[in-house]
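As they're listed, the protein sequences go chains C and V.
Everything in the first sequence is counted per the working numbering, starting at 1 for the first residue and increasing by one.
Everything in the second sequence is counted per the working numbering, starting at 84 for the first residue and increasing by one.
Simulated from the structure, these hints should not be mistaken for laboratory data.
None of the values given here were measured: they were computed from a predicted structure.
No false leads were mixed into what you were given.
Straight-line distance between alpha carbons at most 20 Å, and here's what the computed SDA-like set of lysine to any residue pairs gives:
no., chain 1, residue 1, chain 2, residue 2
1, V, K168, C, D58
2, V, K144, C, L62
3, C, K9, V, Q210
4, V, K144, V, S225
5, V, K144, C, A60
6, V, K168, V, E211
7, V, K168, C, G83
8, C, K9, V, A139
9, V, K168, C, A20
10, C, K5, C, S30
11, V, K168, C, R15
12, V, K168, C, C81
13, V, K202, C, L49
14, C, K9, V, S225
15, V, K144, C, E73
16, V, K144, C, C81
If you want the footprint, here are the derived chain V segments under chain C, 3+ residues with CB under 8 Å:
no., segment
17, 136-144
18, 218-228
For every residue, glycine included, the Cβ atom is placed at its ideal position computed from N, Cα and C.
In case you want the letters, here they are:
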Amino acid sequence: MSEIKINIKLFGAFREFGEAVMLSVPIGSSAVDVKEALAQTLDQKNHSLVEVSVLANDNAILQESEVFNVDTELSILPPVCGG
Amino acid sequence: MSDFICTKILTEPLNIQEAYNFVSDPAHGAVDMFIGAVRNHHKRQDVEGITYDVHAPLAEKTFQDICQEAQTRWNGIKTYISHYKGRLDIEGISVIIAVSSPYRAESFEACRYIIEQIKERSPVWKQEHYTSAPSQWLPGHSLNTKNNE
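Isolated chain C (complex conformation):
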């Protein structure tokens, strides 16, 4: 099965893993699939943090049903606490 590359920029508590991680996922993967791949890459400890986080691009938070068919750059946003 052909794969695409998803570069995920890391924020907040994910910063301990660096600026970004590159994932290879099957073409047609959904946002849920990408989050699962991210959780597996980071390690089991962070499964719950990934679960309560959302994927976004520079314009919007993505729905979990969003599907990716080409190489893409995304961000993972953990729970927020600004101000």
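Fit chain V to the given chain C structure using the hints.
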């Protein structure tokens, strides 16, 4: 930036006078300002500073959305938001919100609305630095609506 909304994410010190100057208006008799600053304690821990991480493009868009919502609720107000990105020491200013309106009630209410919405919706994160413990990212509000039901 419009004549009525100004939003910024900055890595240089935030400027209270600039916020006032933006919202100041001859027809507005009220200016309300909220200034967030770094506190030296949190949950019995001594804090020596906070690092603010920000997803700048989305935060800027969220700030604009929040200001537009406020203007829909309180017609005619002027709004200013600046948020710091980077590390601040104690008493450093992390956020400035300024709102002006013809009369005070709208300014008070809109300013409160804006800071509460920023805390709930804006992609900003805090890492507290303690004097006698490892630094820690603070828990927050999930942007995944499923987690907030």
